[in-house]
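**Q** Sequence:
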Amino acid sequence: KISELLSKDIIFVRVDFYETNGRLYFGELTFFPGSGFEEFTPKHYDYLLGSWIRLPKDS
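Every letter in the sequence shown is one number past the one before it in the working numbering, and letter 58, counting from 1, is 52.
Some hints here could point you the wrong way.
As the list claims (entries may be wrong) - Each computed SDA-like pair below joins lysine to any residue, with the alpha-carbon atoms no more than 25 Å apart:
| # | residue 1 | residue 2 |
| --- | --- | --- |
| 1 | 51 | 7 |
| 2 | 2 | 42 |
| 3 | -5 | 21 |
| 4 | -5 | 35 |
| 5 | 2 | 38 |
| 6 | 2 | 24 |
As the list claims (entries may be wrong) - DEER-style ranges, computed between Cβ atoms:
| # | residue 1 | residue 2 | range |
| --- | --- | --- | --- |
| 7 | 7 | 52 | 17 to 25 Å |
| 8 | -5 | 41 | 26 to 34 Å |
| 9 | 38 | 14 | 34 to 42 Å |
| 10 | -5 | 37 | 35 to 43 Å |
| 11 | 52 | 16 | 28 to 36 Å |
| 12 | 2 | 27 | 13 to 21 Å |
| 13 | 37 | 5 | 21 to 29 Å |
| 14 | 14 | 37 | 35 to 43 Å |
| 15 | 14 | 43 | 28 to 36 Å |
| 16 | 19 | 48 | 16 to 24 Å |
| 17 | 8 | 45 | 17 to 25 Å |
| 18 | 26 | 51 | 20 to 28 Å |
| 19 | -1 | 30 | 41 to 49 Å |
| 20 | 16 | 42 | 21 to 29 Å |
By construction, these hints were calculated from the structure, which means they are not laboratory data.
Keep in mind that this is a model prediction, so the values were computed, not measured.
Note that beta-carbon positions come from the ideal geometry of N, C-alpha and C, so glycine has one too.
Build the full structure now, drawing on both the sequences and the hints.
**A** This is the structure we're talking about:
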């Protein structure tokens, strides 16, 4: 539920948490896995995964 709240209205984001000594801590919101430099193998996976994202028409 916390991840859903933090990522509300964001098309694509990874929400990271850390658990230490039984306590949950927020880590970060990551908008570009691999800092945007990660290469897909095979290359067509880049286009395949991108085709799954539906952007709003006003973007």
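**Q** For every hint, state whether the structure bears it out.
**A** Right, here's what the structure says about each hint:
{"no.": "1", "hint": "51 with 7", "result": "holds (19 Å)"}
{"no.": "2", "hint": "2 with 42", "result": "holds (24 Å)"}
{"no.": "3", "hint": "-5 with 21", "result": "holds (15 Å)"}
{"no.": "4", "hint": "-5 with 35", "result": "violated (32 Å)"}
{"no.": "5", "hint": "2 with 38", "result": "violated (29 Å)"}
{"no.": "6", "hint": "2 with 24", "result": "holds (14 Å)"}
{"no.": "7", "hint": "7 with 52: 17 to 25 Å", "result": "holds (19 Å)"}
{"no.": "8", "hint": "-5 with 41: 26 to 34 Å", "result": "holds (33 Å)"}
{"no.": "9", "hint": "38 with 14: 34 to 42 Å", "result": "holds (40 Å)"}
{"no.": "10", "hint": "-5 with 37: 35 to 43 Å", "result": "holds (37 Å)"}
{"no.": "11", "hint": "52 with 16: 28 to 36 Å", "result": "violated (44 Å)"}
{"no.": "12", "hint": "2 with 27: 13 to 21 Å", "result": "holds (20 Å)"}
{"no.": "13", "hint": "37 with 5: 21 to 29 Å", "result": "holds (23 Å)"}
{"no.": "14", "hint": "14 with 37: 35 to 43 Å", "result": "holds (39 Å)"}
{"no.": "15", "hint": "14 with 43: 28 to 36 Å", "result": "holds (32 Å)"}
{"no.": "16", "hint": "19 with 48: 16 to 24 Å", "result": "violated (32 Å)"}
{"no.": "17", "hint": "8 with 45: 17 to 25 Å", "result": "holds (19 Å)"}
{"no.": "18", "hint": "26 with 51: 20 to 28 Å", "result": "holds (23 Å)"}
{"no.": "19", "hint": "-1 with 30: 41 to 49 Å", "result": "violated (25 Å)"}
{"no.": "20", "hint": "16 with 42: 21 to 29 Å", "result": "violated (40 Å)"}
Violated hints for the displayed structure, listed by number in ascending order: 4, 5, 11, 16, 19 and 20.
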